[in-house]
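*Asks:* Here is how the chains run, residue by residue.
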Amino acid sequence: MRGISVEFPGVKALSDVDFRLLPGEVHALMGENGAGKSTLIKALTGVHSPTTGVIHLSGERVTFTAPGQAQAAGISTVYQEVNLCTNLSVAENIMLGREPRRLGGIDGRATRAEAAGLLARIGLTIDPASILASHPIAVQQLVAIARALAVEAQVLVLDEPTSSLDAEEVEELFRIMRVLRAEGVAILFVSHFLDQVYEIADRMTVLRNGALIGEYLPAELSRIELVSAMLGRELGTLHEVQRRSDARHPRAEPVLVASGLGRTGAIEPFDLDIRAGEVVGLAGLLGSGRTELARLLFGADRADTGTLTVNGQSGRPRGPRSAIAQGIAFCSEDRKAEGVVADLTVRDNLVLAMQAARGWARPVPRRTAEAVVAEYIEKLDIRPADPEAIMSTLSGGNQQKVLLARWLITRPRLLILDEPTRGIDVGAKAQIQKVVADLAAEGMAVLFISAELEEVVRVSDRVVVLRDRRKVAELTGDDVSVDHVMSVFAAPHAHTGAVAS
Amino acid sequence: MSTLALSPTRLPQRFLPVMATFVVFVITFGVGSFRYEGFASGQVVANLFVDNSFLIVLAVGMTFVILTGGIDLSVGAVAALSTMIAAAALDAGWPPLLAVLAVLATGTGLGLLMGLVIHHFDVQPFIVTLAGMFLARGLCFLISVESVSIDDPSFRDLATGTIALPGGVTLTYSVLIALAVVLAAVYVLHLTRFGRTVYAIGGSESSARLMGLATTRAKVGVYMVSGFCSALGGLLFSLYMLSGYGLHGVGMELDVIAAVVIGGTLLAGGSGYVAGSVAGVLVLGTVQTLISFEGTLSSWWTKIVIGVLLLAFIALQRLVVRRRP
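Chains as they are written, first to last, in this note's numbering: chain H, 1 to 501; chain W, 1 to 325.
So here's chain H without its partners, still in its complex pose (with noise of 0.2 Å):
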């Protein structure tokens, strides 16, 4: 691909970036949020045409108008979002468009055999013939590498394939790819897992701001030097969160108490309680119940057993509409499906939550919300910094902040904030983290998911360990550490089984 520009009314994505991809390697596209890898991709494959530029495939010029033709041509698009059909088979979403065909209609029973030989190709055992929508987001996710490679790709992309997968299925991810890069076939990996990065690819690319900044091999750039090349800054806010446990009020009053709250096949009954001014982390690998326990003490699923304590009353959860009456907001792990409105601009996304928290009777007045919206806008540096940019042509990370600043505004006592670093960079990673800190500080109480436990550790003042759904440890004080909560972790290894059930 050489000097290629995408531009959208009134943004330029990306300006006059180079980038090569050589057969038999696997090629990291690295940068921030909004650094325009999403949209080189999307260029590649044929979602977007380039406003200026060539793209080569095997030598030959190339011009994709639609996902279709790149796809004919040996491109093959894994994205970040689960791009499936949850209303369909597992079988019917790998092979959707190149179906076996036999008498002049599709072949079910080939289809499925054919499904059921790529899912056995990447170790995967379910039922082809199972709805999409009957597996978790993990499994998903596999389910879309099964059906890139269902074509015979030249050129395999793969679009942040791993921010839903756990450690052992991220092993069984690299070492497809390992496979197919010994067959020749060139992928294209986009990840923000550093580690990931220096661990699997050959060569990387980064980008920043829609440019490209350079072309290195991972020998030769170390990871702060990776890291300043990706943010162009210098690391000062990547240390500004330090493990903060010392600077506590213990006695404080527990903002949330649960007891033996349950709920079958979600999560066995657990205790839990929450104090203002406290993060409590809860880690957990993949399929261990994070969301169940967060959308129980919500209220967003229905408890069988138990009660929930929230500012001295007592009951069971009522639903989301109570818990939020109470003082409890929910950043979901879903923000495509649950969280924003994709259609609305920024700035209204962020009053929704304002007029919601007044009544309806009591409209914002304009310079009330004018105000709010651009103090939230600096405090997480939201970029574009535009309150009037719809919110669809904002990244990943950027809605994630949005989200979040929408139910700041609330100003809640309990914040449950469900993977908020999920599939967004460095930089924007450790501004969350650093707001988290900040609000703690402040005497929010929060809730903290992440499935990255260095994470959790680091903004955590306790450590709630699940295993299984069931709560079955509990870190505090110098505890709490990496190799003490995956010493938890370890002890009987049986997660697997459960993911693939």
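I should point out that these hints are in silico values taken from the structure, not numbers from a laboratory.
Since we're looking at a predicted model, the values are computed, not measured.
Please note: incorrect hints may appear among the correct ones.
[Said to hold, decoys possible] With the C-beta cut set under 8 Å, the calculated list includes, among others, these residues of chain H facing chain W:
#, residue
1, V47
2, Y79
3, L84
4, C85
5, T86
6, N87
7, E99
8, P100
9, I106
10, E292
All C-beta atoms in this analysis are idealised placements derived from N, C-alpha and C, irrespective of residue type, glycine included.
Given the coordinates of chain H, work out where chain W should sit on it, guided by the hints.
*Replies:* Just chain W, lined up with the frame of chain H:
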């Protein structure tokens, strides 16, 4: 494949709405046979098809559209336009085959037009097909404000001709045509890429696009299918009424939508079966027959019962969707 045996609970779940429709059909029919002598005869069943063959064809077309998450409000008006064109063309002395082709081409063309507008201007199908409805209805009266009767002998033969089945039951040719349309639709939806793309669009249009499926073709295509089915349904209706009239089939689109929804197709798209829509039409037909057997009830009771059924089925669908893990 042994996959079906692996999860025996899955199939009933997926087919639950359709099965529920069949159960309702059996129950309403059972009530009729219990209350009225002569209700449970083969001819009454056959008449369900005879009297509703045009509705079946329209419901098949509507199923395609609703599966993509769209809606087509123009079907009743396009059907009326078809009766009008057929009657007027035959009246002007066109050969019947040419008249039929003209009708089918008009319906398909209108569908194509609406599909293109919906897709390329990214307008809600509701509005576009509403405009299509007014357009088609207006065109009827452009041809004639009066009812035009059909005197063409081959049309009359086709309309009055019957096929004798064992047991003294008779069917019309319209029923055969409708059943052929149903079979063709099942084939297209389940065994062709176009059909699978229709389901994929209903599941998630953006995903379907990124998967490289021909979404444009499928999205425009469903409105063409619906237009074609409306035209064909209109032809069957003109056989049934032996006339063309601009006020034929007023509100028919709503009956069709009701039949499709009662048949278990989700209005949000992505889930449903043609067989369900046929069952939905049969339920509507049975209710109508029941009320005519009762004799003393006003025919508007049909509407009341349909309203209640529609509500019940939408509630059932929500329950099924919610119970999914």
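*Asks:* A separate judgement is required for each hint: does it hold in the structure or not?
*Replies:* How the hints compare with the structure:
no.: 1; hint: V47; in the structure: holds (7 Å)
no.: 2; hint: Y79; in the structure: holds (6 Å)
no.: 3; hint: L84; in the structure: holds (6 Å)
no.: 4; hint: C85; in the structure: holds (3 Å)
no.: 5; hint: T86; in the structure: holds (6 Å)
no.: 6; hint: N87; in the structure: holds (4 Å)
no.: 7; hint: E99; in the structure: holds (7 Å)
no.: 8; hint: P100; in the structure: violated (11 Å)
no.: 9; hint: I106; in the structure: holds (5 Å)
no.: 10; hint: E292; in the structure: violated (12 Å)
In terms of the numbered hints stated before, the structure departs from hints 8 and 10, listed from lowest to highest.
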